[in-house]
Structure formats: structure tokens, C-alpha cells
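Enquirer: As a plain string of letters, each chain reads:
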Amino acid sequence: GGQSEPSAEPAMEQTTEIAEDAGNESVPPRASVSRLRVATTTSLYDTGLWSYLEPMFEEEYGVELDVLYAGTGKALEWGRRGDVDVITVHSRSREEQFVEEGYGLERVTFAYNYFLIVGSPDDPAGLEGMTPEDAFTTLMQNGEAIFVSRGDDSGTHGKEKAIWAIAGYDYEDVRTSGDWYVEGGSGMGPTLVMADEMRAYTLSDMGTYITYRSDLDLEPVVDQGDILLNVYSVLEVTSSRNPEMAANLREFLTSETVQDLIGNYGVVEYGIQLFTPCAGEGIQGI
Amino acid sequence: MILELENISQRKNGQRILSDVNLSFSKGAFFVLMGPTGCGKTTLLRVAGLLDKPSFGRMKYQSEPIPHRGKERLHVRRRMATVFQRPVLFRGSVFSNVEWGLRIRGISEDEISRKVSQVLVMVDLEGYGDRDSSTLSGGELQRVALARALVIEPSILILDEPTTSLDPNLRFNLLRRLKDLHSETGITFIMATHDFTDALSLGTTGAVMRNGRIEQTGTIDEIFYSPSTPFMASFVGMKNVFPAEFSEDGAIVEDLLIRHTSNKRGHGFLAIPPGAIVVSRETTVTSERNHFAGTIICIEREGSIFSISVNCGNLLMISSVTRSALSELDLTEGQDIHISFKASAVHVF
Amino acid sequence: MILELENISQRKNGQRILSDVNLSFSKGAFFVLMGPTGCGKTTLLRVAGLLDKPSFGRMKYQSEPIPHRGKERLHVRRRMATVFQRPVLFRGSVFSNVEWGLRIRGISEDEISRKVSQVLVMVDLEGYGDRDSSTLSGGELQRVALARALVIEPSILILDEPTTSLDPNLRFNLLRRLKDLHSETGITFIMATHDFTDALSLGTTGAVMRNGRIEQTGTIDEIFYSPSTPFMASFVGMKNVFPAEFSEDGAIVEDLLIRHTSNKRGHGFLAIPPGAIVVSRETTVTSERNHFAGTIICIEREGSIFSISVNCGNLLMISSVTRSALSELDLTEGQDIHISFKASAVHVF
Amino acid sequence: MPQLLEAFRIALDMIVSGDPVVFSIAFRTLMISVTATVIAALIFIPVGCLIHFNRFRGKRFLVSIIQTLFSVPTVLVGMLVFLLISRAGPLGSLGMLFSPGAIVLGEVLLIAPILTGLTISALSGMGRDVADTALSLGAGQLQMVLKVLSESRYMVLTAVLMGFGRAVSEIGVAIIIGGNISGYTRTLTTAIALGVGKGETSASIALGIILLALAMIVSVTVNTLQHSEK
Amino acid sequence: MPQLLEAFRIALDMIVSGDPVVFSIAFRTLMISVTATVIAALIFIPVGCLIHFNRFRGKRFLVSIIQTLFSVPTVLVGMLVFLLISRAGPLGSLGMLFSPGAIVLGEVLLIAPILTGLTISALSGMGRDVADTALSLGAGQLQMVLKVLSESRYMVLTAVLMGFGRAVSEIGVAIIIGGNISGYTRTLTTAIALGVGKGETSASIALGIILLALAMIVSVTVNTLQHSEK
Ligand SMILES: Nc1ncnc2c1ncn2[C@@H]1O[C@H](COP(=O)(O)OP(=O)(O)OP(=O)(O)O)[C@@H](O)[C@H]1O
Ligand SMILES: Nc1ncnc2c1ncn2[C@@H]1O[C@H](COP(=O)(O)OP(=O)(O)OP(=O)(O)O)[C@@H](O)[C@H]1O
Ligand SMILES: [Mg+2]
Ligand SMILES: [Mg+2]
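Residue numbers (the working numbering), protein chains in the order written: chain Z, 65 to 350; chain S, 142 to 490; chain F, 142 to 490; chain B, -14 to 215; chain E, -14 to 215.
The set of hints was computed from the structure by calculation and includes no laboratory data.
The structure displayed is predicted, hence computed values, not measured ones.
C-beta atoms are modelled at their ideal positions from N, C-alpha and C, and glycine is treated no differently.
Please note that a few of the clues may not be correct.
With the Cβ distance kept under 10 Å, some of the chain B side facing chain E (calculated, not the full set) [what the hints assert, rightly or not]: (1) Ser9; (2) Ile105; (3) Leu142.
Using the sequences plus the hints, can you model the full thing?
Expert: Structure (C-alpha cells):
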């Protein structure tokens, strides 16, 4: 992959136009320095949390915040290439590696929720109430009930692999064990749709499941177990053009007010708490 | 009658191109369609060839009405072939062009190659089969287009000026072969042409059009030797056409009395073929009944003959003489001479 | 010399189309290019018009070599205009077609509309300016193409059979106007044609091609009245062309002795124009020095004259007579007759 | 851009080593898009002919609509077909969703406007001459149309190649109604999209190179056929 | 398919109520794709002419390559441009990534083969006649080319519309090098893709309908211009 030294290039000349153009929708400012770019995982983006927080941050710091969404892998790749300033993702091991390689400053967790194993309400494999590892073992042994995997190396996919590992299976064996294991290659939303169409099980993050819930005939069958913990963290990119503003964003996310807002986000709309704020609580995830 | 056109009119863009055309083509005729440019020949041939539908009028094939669409129309159309005024060849070889009409009729390969070779010989293009159609000269192209239609052996062959790009010798040979084909096979030919030589040497019957109307129709001789209107007379090249008052004595044209052999009375026209007017330096007694004195206004070469304009009183008469006559009589412009012509040479209409 | 072609050869697809052509066109000439179909006229005119580059040879404009590319070549090309054998019109109106050559030369609007109207009158298409070019008849199209080239007022106007789709009257008028234009403006015309009438009435000089070579070049009279080879003789329509042995007594052709006025000796050719051969029922004493008896083999109409083939011993001679002579002499096939012609009518080469 | 070199190396590796997964994806891609192109050509070239050779009210408007559909996004086609064949949709009982056949269906619809529109353009370019000549030699309507098509074959083949190009390179349909299922409906483009999502730039570009190699084979084949036919 | 009706209702709503977000996205989409099409047309129609009117070794091969590039997936173009203009790329210092200008650049590259290839096809359909006629009337090389182009304008305009269609409907470039940033680089297609990802089918289809409405305006405008010019 694209290794490049986090280089500090001279600030660009266009800074003069910024003040006038800031906030104007149709004639956006051109200089990248005036904009802060945050890359977030698709599942987080799809909950709408960022659209909710973005104007607040922009108002508070007078900056144009560009929110980019992608899979965890791509978001980290952007960080490595210096194309974004801040990253919010949910894959502990890869985040730690990112920081270790010197691309990110520090992994700061700020919220969590749980992954769910969802399936059609009649629960053909009878997974209801099992632990995640038992549920997966049952699926593997059953060999009839379909399981749809994200299959895209996303954070969610990583989580699924981790569960297989705890359940004692080699992931390659699982992949190739039969038609019951369907390896999609799409985002969480399409994967949920596919599971619904196939009356299959899948592993989903809570946010996406909640937003899709009304259109689908899928119910959570397993939602307990530490392994299902899904922790979101924020990383400042070392090569950021605008390190101060990046730090501002980290502070913003972990500030008490915003933490409260995150805790209450979506409660009214979906009748369920989407995120539990956890800044400074030492919850690192698995 | 193999084909009949009844009250055919054609409009395009609100413009009247054909008006009330009635024509019938008898089986085995060689029908020649003539008329000035833009008079509607091509438009008429497209209707006759079932390529366009007329805005008004109807058509019959072998006395059966031709419907406006459907299998039957196609069936009649398949008995015809048209060679356009500006033929286009299909891409590919000369052979593939010529065989196409046979191929779509499902003729066998053997038959196809036999017929194509034959027809290529007929149009003097033996050995051209493999040539790419885009590399042909103008005259070669025209003959391939002709061959492509001939090979079908249609009952009615419609030709829109088929010999324009051919040199005189080739044209002569080709026309002779067409004539042979005509007498051998009894194909009905309908040919538009501007060339009187072609018309006279091939045609049996014909028509002259003017402004989208049929001006005269009849046998070729009638058209060329008995034009029925001044337009017709001037069109077939009669130069000395004059309005006249006819009485028992003869015809009065301006202040000249012209003797003729018709018994027409009252107002009308007469024409004297330029070739029938004899020019001489002195008057001699002959059997000719019309003698006038005049002055040569101008001498002009028209191809291989010379046209001499002679002023007789108020009348300008044109006589045509050969090169040798010109030099023997030693004629020059401004000279006073005599002209004479037989009463039987005067065409009255 | 306004334009000179030196040792021009042209190959296409490995085929030799032109071989070593040398021609020069003097300023103000009306040069007529003739030859059988496929002899290379169009190919030569494309080279002359700077539209194709020859495979070999070079060209000069006003004695300056014309380079193979670049501004200078364009400059010369801009002094020429070509009307193709199968002209295509641009989409749009007649006006927009005709004005195009002026527009690309940056002529002012006023000038353009004045010149276009003028030239449309000249080609008898007044009022056709707004017509869509795709709706024209064959003859109208041809005249628009001509107008489009004329309007540019080129120094050299190249015409590839420009009058093929025109009726005789229009053609006559148009040719007369071209002739007037020629004498008024001194434009150099280079015209390919199959029509001898056109060639004779317009041309000052000319050439006849055969198989990609120049067969003869010279004045029009030289070409038509002094053909230098049997091919030339038969091409210009001399029918009675025979190989002969020339001696002091005259020429021996087969077993006949033909008297002539040349002092040629040894092997050669002679030709007797069919129009010079007099047919009679009895022999009479005249100034004609050649008299033969023969039998009529066939009588054929060729346009407005009749061609009579007479078998004299082993020689087939063709005489052409008018319709009236035919009926007066009451000639029929198989009849025994006499033919006679003057020694001075025999063309020796 | 070292990734580019890397990508070429990977692509070469995949080809030389005969990577079975890549080969099966490439083969599937080719089958799906060639099938879609052939079906679309068989239906929509004739449709284009019908439109061109008939006069009717609103013809120009119809042509505008077809040209408008050049702009239809693949995801839109994907969604519409999804609604049609998903379990709850009118054709749900056929169980076509997430199958290669469904992708073919979607791609046929996707490239239909391209083939129809370019066929009409190709025929418009020919003028009436060729059609008239064919008719004058006794062709029936169908024979005439076939002749005109064959005369404009260069343009028609360009249309087919353009349709193939669109089919083989599209993602929306393949993802939404194919589902990018590994070993079943995964095509080169969905594999690329997946790789891009994972941030595997070089590997994705390598797959793109393989896709272009396939397209090259198709275009050279078609061109060679056309030239040899002549 | 109740979603379809729903989609039409939403689309109508968005248009009637003049939803400012949708309008600004639609406007941005139009600006980006029209700009890309115009730039690409100005560059690649001439390139097509150059290729058509010149003889050189490998011309047929070059045409094959161009036709092959009909098949280039948008994501591939997206990735290549990404590698070019991302911070770590050769043009990284320009800071173009994730900007509308970057999308224009990507779309120009994407539709270049379409415009070049279809221009060549259009010109090939004209034969030498028109070019010869123009030259015979004294046209310079450029004047001749312009005349031939104008004679084949129906095909060339189809090419331009096809290029516009591809540009306005593509997603890969807009996502990868535009980033789908709300209020800045979000286009109708990336908005649709986002909607699809969130399962908002009806709203996504509504955006698709709006996109087609835009395309309709463009195609009708272009057709009207062409007919009136004639
Ligand atoms: N669509 C049209 N709109 C207006 N006038 C038309 C249209 N089509 C043909 N014409 C006119 O109708 C007349 C007859 O055309 P046609 O082609 O039949 O003439 P033609 O007798 O074949 O002439 P030519 O000897 O020059 O070939 C011409 O004056 C032509 O300009
Ligand atoms: N590309 C080519 N390959 C082979 N032969 C060719 C090619 N182009 C032209 N010819 C041949 O060259 C000869 C001369 O063609 P050209 O068009 O110059 O004849 P032309 O004298 O103008 O005849 P026409 O009077 O019929 O117009 C023709 O026999 C033609 O078939
Ligand atoms: Mg005509
Ligand atoms: Mg020629």
C-alpha cells in the first residue's frame, strides 16, 4: 500500500479567500487548510450522528468540516496518505497499529454500543438467547440456516472473524464450508437487505440495524456478550495540515456536553439508545 | 397493359411535383420518359417503381390494382427493378453488389455465380467481380448498378438516365445490348433520359413531361416528328417554330407566306426542321416550293454540324449544314444568300 | 502555362492508374479531357486539382513547382475549384451550399449575397436559394454544384462531366454561358466529358486518354479531324477505319483500291467518315474518285440519322444518311446499291 | 505512484499464476456482460430500427427520451430491478434476486438506451439511398433493414462495444441485485469496489487491469470480425 | 411496487417545495457534469478528428484501445485520479482531492474514450465525399474538418449526449475523488448511493427521477439547438 512520509508541506496561498467563502453552500472555499476533514466509518455516518454534530462544531470553531465516510480500511488509508485530518472508526487492533506506525497521535475512545446477531423472527436455527460463540457454533454445525457475512474487511467483518476465532474455528474453514455461508461484499445496509431477502442471519452494528429496522423482517436474536462490544474512537492524523483544529475535534467529541448529546442521540426517534458515551472511562473494546 | 398509372399526383413539402399523370405501359414496350430537368421524371419513376406512394391516384399491375401495402405490393415490387439516377453501391465487392438481388430471392449459389458472370460480361465488366465497389470509376459504377438490376431479370426495368457517365462507344454497345435484351426477353423498359439519340434508337413509345404533367405521349416517331405543342417542338429540338395564321393559300408567318401540305385553318404553329432548309448562293428552280432571300446573321458550331442563322425579312430561320457544305459554299457572316425548303418539310400543329 | 503536369503516375492498390502523363494547360484555355470510361480522367483531374498526390511526377503552377504540402500548396489549391463527377451537396439550403466557398475566404456578407444571387441566375436556379439541398432533382443538384465552384471565381475551374444530368436545351444554354464566362474572364477550364458536342463547341485544346496514358493532345480540331491512331479514329467516331498498304496508285484495303490525297507510302491506316459516303441506286459520273458496288447488310437508326452497312467485296463500309434520304431512295436491307466518296474525304494516318 | 507499478505486478502475477479465484471472477464477468450485451443487441438494435424506419407522432420526443436515458445511473436501474424481483416485488416469486441472471437482466435494461439510441444515430447517418436501393432490388422490409444495418455496421459495432463497455464496467446493478456474493455473483467491478472499500488500492487496480484486458480481447475480436467480413 | 409511486411523490414534493438542499445538489451535479462534458468535448472531439484524418502505423490498434476504454470502470478512473491528486501523489500539493474540480477532472478522463471513439465513428460514417468537396472548394485542413464535423453533427451530438450521460450518472469518480461531502462535493448520484446504503429506497429513486429530469432538459436543449441550426 501507499506508504508515504507524513510530510509537512507549506501552507497554501489561497487562505485569503477563506473568510468570505466560509459557509456559502454553492461557492465553497477552495483551500484545504480552511477545511477540516474527518473520515468516519459508514455505519457511524449512516446513523446521522455526524450530520447532527457537524453544524455545532462548525459554529463553535468557525471551520468548514468535511465528513467523509468509508470502510475502516479505507478511512485509515486516507489517514496514511494525509488526505484527512481526523478519523473516527471502530477497530481496535487496526487503530492501534495505525498509531504505532506513527500515522495517528493517540486512540481516544468516545462511545460504544453492541453488535447484534439478527435473523428472521422464526429463528430457524434456534439461536435465541445463546452467547455469540455458541450461536456461531450452532450455525456451523447446522449447515442449513443461512448466514450472510459482510465479507468486506470492514470493522463489522473483523468482529465476525473474532467471534469465529473465539468459537474455535479457523475462518478459512468457515468460509469454504458450504452454501449456508454467504459472503456478500457490500455495506451493512445492503447486507441486512440481503439477509432479509434470504431469511438469513447476519451480524450487524446497532446503528445501521436501527435505521433499517422498519423496512426489514429481521429481529435481534443475540445481543449479549462482551465480544459484541463495539467501541468508537477518534484519532488525530499526524500529518494533518491543521493539527490544532484536529485536536479541537477530539476535544469536542469528548467534551461533556457532546458526550451527553451522543448518549441521547436517536432515543426519541428510535426509542432506543444508539450510543453509550464513554470518554475517559477506559473502555477499550476487543 | 403491364402497368398503369391513373391520375397520379405527388406533393412534397406542400409543393405539387406531379399533377394528374396518366400513363400506361404495355408489356414489352421500351418506354422513354423525357422532359426538362426538374419536370418530375425521377419522382414519377419512384412512384412507378413502388418506392414512393403517390399523394393521390392509383396504379394497376396487369390490370389488378396495386394495394398500398402488404404482401401483394411486395410481390409486384419484386417483379420490378430500378436503377437510380445517382446509383449507390453497397460496400464490398462488385460481385457482392450484383448478386444481392438474387441472394434475397434465395437463388442457389451455382445459379448466382452463373448469372452474375453473364451480366458482368453484358455490361463490359468481365473480371471486375472482386473489385471493391468504392474504387470504381463513374462509368464503371453506373454499369455495376445496371448489372445489379438486370441480373434479377425483372418484368419491368426502370432506368433513370442509365448511360450518363458512359463514353459514346460503350454507350452505343450497351444500348445495343439492352435493345437485344428487350427484343429477346420482352422485358418492359421504362427509361428516363435526356439523350435523344438514346430515345430514338431504343424507344418504342414514350412521353414528354413538363412541370409535373404529361405534355405528350405516344410512339417515339409521334413525339419526335409530330410534336403537338410549341413546347414539344422546341423540346425535341425543332428550331424554327413560329405561330402562324393558316388559310387556303398557305401559312402567314410575319410577312412571309409559307406553303405546306396540311389543311389546317386559323391560328396555329408551324416548324421547319433546320436540316430541311437548303442554303444556296443563287436561286435555282427546284421542286421546293418555299424560297426566300436572307442575310446570314451568325454561324455557330454545334458539335459536328454548323448552325446558320438567316434573317429573312422579320423572320430568323436556322439552317444546319455540315462542315464540308460550309466550306464549299464559302459562307460567312453578313453574306446575302437564299434559302429554300419543301412544303412537305413544314410541320404544322 | 498556368498549370503543368510532368511525368505524373498514379498507383492505387498496386494498380497503375496513370502512367507518365505530361500535360500543360495554358492560361485561358478551355481544355477538354476525353477518353473511354475507366481510362483515368477522374484520377487525373484529382491530381490536377491538388486533391490527390501523385505517386510520381511533379506539378507547376505558373512555372513554380507546387510543393507536396504546406501553405503554398493550399494557396494554389485556393485558386482552383473542382466540380466532381458525382457531386455531393452539404446539408442545408442551396444558398448555404453556394456561399460556403466565399464564407471560408472571409468575404463580406453583402458581397456573398450579391455573388450567390448572380451565380444562381447563371445556372438557371434563381429563387432556389432557400430550397433544402436534399430535395433537388438530379439536374438541379448538378447545377448547384457548378454554381458552388463558379462563385469562387477560381483561376482554374476543373469540371468532371458537369452536364450529364441536364436536358439538351438547358445544357446548351449553360454551355453557352460557360463559354461566355470563359471568354470574358479568362478562367482556365479543364473539363472531362464524354460528349463530343460539348467538346467541340467549348474546347480550344484537349487530350484523349487511354488506359491511363495520354493518347493524343492538341487543338480540338486536331483531335477530331486528325486522329493520330486507329484508337483515336474509332474513339472520335470514325467508323470506316481500315489498315491499308499505301503506294503511288492509292491505298489497297483488302482487294479494293482506294484513292486519296495523301502521299503516304507503306503500311498505315485510313478512315472514311460515314457522312462522306454517298449512296445511290445507279452509278453516275461525278467528281468523286472512289466508286464501289455493294449490298446493304443492315439499316439501323442511330438517333436522328440512319446508319447503313454496305458490303463491298470483303469490306464493310458504313454510310450515314438522313431519314428523308432513306425514304427518297427507298433503301431496304439486301438491296444492291452503289457507294461513292471523294478522295479528299479519305483520312490517312 | 508506486501503486500503479505494484498493480501491474499483481495483475501479471494473477494472470501468470492462473489465480483460480480471479479467473473464475473474470470468466463470470465476461459471461454476464457478454450475455447481457447479446440479449440487449438482439432486442434493442431491432427496436432502434423500428423507431428509425417508421414515422409516427412524437418520434422526436421518443428519441429525446432515449437520449435522456443515457444518463440513467446504474444504481437507479439496480433499485428498480430490485423492487421488481425482490421477495415483496411483483416478480418476487421467481426468486431471481442475487443471481447472475438478475445481473444480466439489470444490465440489459441499463444498456438498452445506448444500443437503441446509437442504432438510431447510425441509421440516420446512412441517408435514404441504401434503403431505396435495397427496396428497388426487390428487398422486403426486413431484408432492407438488414442491408442498411450491415452498411452501417461500423457504427452499429461501436454501439455494441459501447453497450458491452457499459455493462462490463457498471457496479450499481451488480451490487444491488447481484449482491456481490463471493463465488456466485461477484464480478470484477464489484470485486474492485470491495477492494477499494478495504483500501486495497493496488489489488483493485490490478483487477481493473484484468477487466481492461478482457475488454481489449472483446474489442479486438469484434474489430477483427468486422474487418475480415468486409 | 409502492416505493415507485412514493418516489414520484417525493420527487414532485422536492421540486414543488423547492427543497434547497436538493436544488443545490442538483445544480452542483449539473455544473460538474456539464463542465466535464464541455471540456472533454473541446479536447477529445478534436483528438478524434486528428486520429480519423491522419494515417499512421497502429491506427487500427489505437482505435481498438479507445474502444477498450469504453469499458473502464468509473472506480478505476477514480482510483487512478485519486493516486494522482491525493496528498501523497504527484499532484498532491495542489490539494485538489475531495473538491468539485477533482470530480470534473475524473469525469473528463472517464468520458474521453467515449467522445473520441464516437467522433471517429461519426467521421468514418461520412466517407471521403464531404471532405473532398470542402477541399475542392478551397478549404484549409481545419475548415475541412469543421465542415465534415458539422455534416455529421447528429452523430457528434449523440456522442456529446452519451458523454454527458456517462458523466452525470457515474458514481465511482464522484465518491472516490469527490468524497460525497455534504454541501460541497455531494452530487445526485452520490446522494443516491448514500440513500441506497441507508435503505432509503423511495427517496433515492426520487433523486434518480430528478437526475433524469435534468438529463431530459439537457437532451431536449441540445436536440432543439441542433434542429433549429439546420
Ligand atoms: N421535397 C421536395 N420539396 C420541394 N420540391 C421538391 C421536393 N422533391 C423534389 N422537388 C422538386 O420537384 C421537381 C421534380 O423533381 P424530379 O427529381 O422528379 O425531377 P427530374 O425530372 O427527375 O429532373 P432531372 O432531370 O434533373 O433529374 C424538382 O424541381 C425538384 O426540385
Ligand atoms: N483504388 C483503386 N484500385 C484499383 N483500381 C482503381 C482504384 N481507383 C480507381 N481505379 C481504376 O482506375 C481506373 C480509372 O478510374 P477513373 O475514375 O480515373 O476513370 P475515369 O476516366 O474517370 O472513368 P469514367 O469516365 O467512368 O468516370 C478505373 O478503371 C478504376 O476502376
Ligand atoms: Mg431525375
Ligand atoms: Mg470519372
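Enquirer: Holds or violated: serine 9/B as interface residue toward chain E, Cβ cutoff 10 Å?
Expert: Constraint on serine 9/B not satisfied, violated at 19 Å.
Enquirer: Interface hint check: leucine 142/B, Cβ to nearest Cβ on chain E, cutoff 10 Å. Holds or violated?
Expert: 9 Å, holds
Enquirer: Given isoleucine 105/B was flagged as interface, is its beta-carbon under 10 Å from a beta-carbon of chain E?
Expert: Isoleucine 105/B check passes; min Cβ-Cβ to chain E is 8 Å, inside 10 Å.
Hint violations for this structure: number 1 only, all remaining hints satisfied.
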